[in-house]
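Asks: Here are the chains, one letter per residue:
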Amino acid sequence: GAVVSQHPSRVICKSGTSVKIECRSLDFQATTMFWYRQFPKQSLMLMATSNEGSKATYEQGVEKDKFLINHASLTLSTLTVTSAHPEDSSFYICSVTRSRGPTSTDTQYFGPGTRLTVL
Amino acid sequence: DAKTTQPPSMDCAEGRAANLPCNHSTISGNEYVYWYRQIHSQGPQYIIHGLKNNETNEMASLIITEDRKSSTLILPHATLRDTAVYYCIPRGGATSGTYKYIFGTGTRLKVLA
Chain W
1 GAVVSQHPSR VICKSGTSVK IECRSLDFQA TTMFWYRQFP KQSLMLMATS NEGSKATYEQ
61 GVEKDKFLIN HASLTLSTLT VTSAHPEDSS FYICSVTRSR GPTSTDTQYF GPGTRLTVL
Chain H
1 DAKTTQPPSM DCAEGRAANL PCNHSTISGN EYVYWYRQIH SQGPQYIIHG LKNNETNEMA
61 SLIITEDRKS STLILPHATL RDTAVYYCIP RGGATSGTYK YIFGTGTRLK VLA
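Read top to bottom, the protein sequences are chains W and H. Under the working numbering, the residue at position 37 of the first sequence is numbered 37, and the numbers go up by one with no gaps. Under the working numbering, the residue at position 16 of the second sequence is numbered 16, and the numbers go up by one with no gaps.
Since the hints were made in silico from the structure, they are not lab data. C-beta atoms are modelled at their ideal positions from N, C-alpha and C, and glycine is treated no differently. Incorrect hints may appear among the rest.
[What the hints assert, rightly or not] Just some of the chain W residues that point at chain H, by a computed CB distance under 8 angstroms:
| no. | residue |
| --- | --- |
| 1 | CYS13 |
| 2 | THR49 |
| 3 | ASN70 |
| 4 | THR107 |
| 5 | GLN108 |
| 6 | PHE110 |
| 7 | GLY111 |
[Stated by the list, open to error] Only pairs whose alpha carbons sit at most 27 angstroms apart, straight line, appear in this in silico DSS-like list of lysine-lysine:
| no. | chain 1 | residue 1 | chain 2 | residue 2 |
| --- | --- | --- | --- | --- |
| 8 | H | LYS3 | H | LYS100 |
| 9 | W | LYS41 | H | LYS110 |
| 10 | W | LYS41 | W | LYS55 |
| 11 | H | LYS110 | H | LYS3 |
| 12 | W | LYS66 | H | LYS100 |
| 13 | W | LYS41 | W | LYS14 |
| 14 | W | LYS20 | W | LYS64 |
| 15 | W | LYS64 | H | LYS100 |
| 16 | W | LYS14 | W | LYS64 |
| 17 | H | LYS100 | H | LYS69 |
| 18 | H | LYS100 | W | LYS20 |
| 19 | W | LYS55 | H | LYS100 |
| 20 | H | LYS3 | W | LYS41 |
| 21 | H | LYS52 | W | LYS41 |
| 22 | W | LYS66 | W | LYS55 |
| 23 | H | LYS52 | H | LYS3 |
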């Protein structure tokens, strides 16, 4: 497996503020990181794919100007929720994959998640 | 992307084997089948994956039908800690260029004491 951390684990903020969530790959270099969100009683929904050193690829319907992703190193990606509103309240989860090799199947390893509550 | 069908919920007695089915009839030839589970309020945990052959690791066994249209995850001796939502996810392999996981609704497994 792989160890992935997220910080903070839980955050409460006021409407209109911005919140940054960090995702760290602790025991291998992650070329690709993914960001998901999960609303209560629903499944995970992919928001964006983040490749180190390049712009993130966002899924249809996800606003790239609202959910800023930075993948500046092979072990760290950040998701910033800008001007958060109550409807952004959700469980945000990142995942990482090892650097791709010729026989890699790119298993994703997930972080513990960050619960965001916007008041 | 291949779509999956899983029963929404299952119960299993503690100590017995839990057999979780998944139908992925539209899977393509190079798509692996991955299984994860999610315990309440945690990130998904990787369990096992396979392409054509059956696989076994310390957590579970994966049985894939010969036509690859369905698979079964087997937890040989379920414990209360195995209570979780289990997801099967077809995913493109190393040569397909497909990285994304598309999560379905999964199976909510409840292990009963």
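Asks: Of all the hints numbered above, which does this structure not satisfy? Sort the numbers upward.
Replies: 1, 3, 10, 21
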